[in-house]
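Take the given structure of chain Y and dock chain P to it, following the hints.
Just so you know, the protein sequences line up as chains Y and P, in that order. Heads up: the first sequence at position 193 corresponds to 194 in the numbering used here, and the numbers run straight through without jumps. Heads up: the second sequence at position 327 corresponds to 360 in the numbering used here, and the numbers run straight through without jumps.
Errors might be hidden in some of the hints.
To be verified - Pairs of lysine-lysine, BS3-like flavour, derived with a Cα cap of 25 Å:
{"hint": "1", "chain 1": "P", "residue 1": "K162", "chain 2": "P", "residue 2": "K191"}
{"hint": "2", "chain 1": "P", "residue 1": "K216", "chain 2": "P", "residue 2": "K441"}
{"hint": "3", "chain 1": "Y", "residue 1": "K142", "chain 2": "P", "residue 2": "K313"}
{"hint": "4", "chain 1": "P", "residue 1": "K73", "chain 2": "P", "residue 2": "K364"}
{"hint": "5", "chain 1": "P", "residue 1": "K351", "chain 2": "P", "residue 2": "K268"}
{"hint": "6", "chain 1": "Y", "residue 1": "K142", "chain 2": "P", "residue 2": "K332"}
{"hint": "7", "chain 1": "P", "residue 1": "K351", "chain 2": "P", "residue 2": "K216"}
{"hint": "8", "chain 1": "P", "residue 1": "K479", "chain 2": "Y", "residue 2": "K88"}
{"hint": "9", "chain 1": "P", "residue 1": "K376", "chain 2": "P", "residue 2": "K110"}
It should be emphasised that the hints constitute simulated quantities derived from the structure, not laboratory data. As the structure is a computational prediction, the values presented were derived from the model and not from experiment.
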Amino acid sequence: MAVITAPAPVKAEAGVSSKTSRKLRDNLTGHAFLIGAVLCFGLFMWFPMIRGIVMSFQRTRRGVTTWVGWDNYVRIIEDPSFWVAWKNTFYFTGLALLLGFVAPFFVAILLNEFRHAKGYLRILVYLPVMLPPASALYLFKYYAYDPSEAGLFNAILSAVGLPTSEWMQSSTMTIPAMVIASTWMNMGGAVLIYLAALQNIPGDLYEAAELDGAGLWKRIWHVTIPQTRLILALLAMMQIVATMQLFIEPLILANGAGTQDAATSVVYLIYQHAFVQNDLNGAAALGVIMLLVLAAFSAAYLRLSTKQD
Amino acid sequence: MSVPQYRKVAALALVAGLGLSLTACSTKSDDDGGADAAGKVTITVDCQPVAAQKELLDNWNADVKAFQSENPNIVIKSISVGQQCNNPPDFTARLAGGTTTDVFYGYMTDLQQVLDSGQALDITQYVSKDTISTWDSVDPALKEVFTDGGKLYGVPVKNYSMGLVYNKTLFAKAGLDAANPPKTWAEVREAAKKITAADSSVAGYAEYSAGNTGGWHFTSLLYSQGGRVLSEDGKKAAFNTAEGKQVLQNLKDMRYGDNSMGARQLLQWGDLLTNAAAGKVGMFIGAPDTTQAIVSQFKGKFEDWAVAPLPGQTDLAKGTLGGGEGYFFKKDLTKEQVEAGLKWIAYQKLTPGKGQFDYVRAKPQNYPVGLPQPLLFANGTEAQKQEFDLRKANANVPVENFALFEAKQLPIVGEPRDAQAIYAILDSAMSGVLTDPNANVDSLLKTAEEKVNQLLAAGS
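Extracted from the complex, chain Y is given alone in its bound form (with noise of 0.2 Å):
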């Protein structure tokens, strides 16, 4: 029986392995691929992403690191600076989904309705995505949004007679600014994918609505919004997770935090923690705070593109 049973499992293991190398030799350049990409996930990602975690609990003086706990975590949300960024960072949030989510979804509708140009239109509106986000704010800086008369916006509103603002420099009107600029710059990726999924809705459902006696509006809300509904779902989810990383306006914009505070952003202080106040362990605390909001937030993408899926 020994004898019999005994050669069983290693020939069943040979034929596994055979198998696998097999299927590892069909699919090297695959692997290879694989290898590059799984290299930089973990070195990039994946390390950085578990020693942020690993140093949230510790605190490091004098280069002696020990563990303490939820002690900087605390500490972080004692930090009177800590509501008021998550407050700026919800407000710049609502206001770009606002603006930022429904200004592209009708300019790429407006697009869609034009018959002729239509791939200078598009390369005209995708123009600002190619200019470097901080050459762009630059510009906003130091032309559109100078206090003066002589900004370009300034200059605009009153040559309608409308008062003139501050821009980044008062309090109320930051984070509108920082929207607009922020909306300027990005618009363009989000108008070309609603301009796909636009075309992509079956001309004769237009006609239909057309017959049945529908306007533009009820063709948009009948129509266009009901066909688009899952891309716009994702897209403003995708716009939530990276406008509540807002870092790069106020840095450049308002030159950090802005005039008392009206700028700082979560990640900004993170920045602030980790490069000026010193305080890494505090950084890595606030950093796992904000990874769990997003990840919320991804969660719910995720459920979203598996339904579209």
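What follows is chain P alone, placed relative to chain Y:
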């Protein structure tokens, strides 16, 4: 792993990377201990001038070459680290990441941060007049700044103190006497009004309020009135006082009462100097070397600028903020590397007639000679005398423009502990009075006080 799960992981990783990679980059760069088979000692040093500063870079390279030919067993690998040498966040990032050079530059306010990072080497046993021949002449107060618990961690190479920097051309245009600049803040206010009245596009007086520079100048203005940022023991904020209120109220009155501070605020270091170089600023506070930045970096003219002692509330300032910079040594250096580093610093930074004090070479260049700083050597020492004589003999800037400042040395007060973090908090108080006509001075100071106390409590 199913597809959606894989995607979930990937998405979380993405989010995590974005949220955390800012804080957790930590790559150690180890080198080989510095000595090769031929017995050569190699050290890396930072703050090599960037390519845009052509003459400075040429001088630096010439110094490296000359130093290496004098010391054939030492190899200097110098690198330019862009903004590190005047941008605190860059410095902190390098420190945290362990990517500083072997011999690395830092502000006088950086000692605690460098010690916390565990990167600093105790160099007490290495520094003496055998390794740095002018060491006994270096002002003891500056050595003290780099000393902790009786141990020396850095070598001072430059120091400054604040004064009133003013544009003589704009003074003349406004009918003011440039030889007799304001001595009190009330006089500054009057002069600022006249300068702006003569040309409405000019800020009579300009001030910072962003990028930590607002807090830095608040501190200086506070010192001028005899106030202090922190209590004696350094554990509590001490600026929510009559002096602190006076500083903010005065700025608010100038900004919104007199409209003599220009429309553009939220200025940080280069913004103010750019405006000044363009002839749009009548007065500001700064060290004499600010004029050098105005000329070499921002294309202004030396002839326009003069520096006077810092004004105070009723007479000249009771104290003026002083600070400076030095070099630290990385903790894992060998004895040979430390000695090589000290030799290089001695050559480049602490020898009259060489390196930063090579006035004969600098005179024909677009580099100022004759500024009353850096003041590294103590009064009455041999090195101070040599440096002074060389400077006078080779001056290429109108030295009379700095005579008032040099003649009246005010007591220098050092920067508070955790200076950069405190300055960042005080930026908010400064931006408050400079951008909001309805700002409440009391509540701005109270908020800043709470934040600073919290910061100090967390750090202790």
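* **Violated constraints from the hint list, given by number and in increasing order** => Structure breaks no hint.
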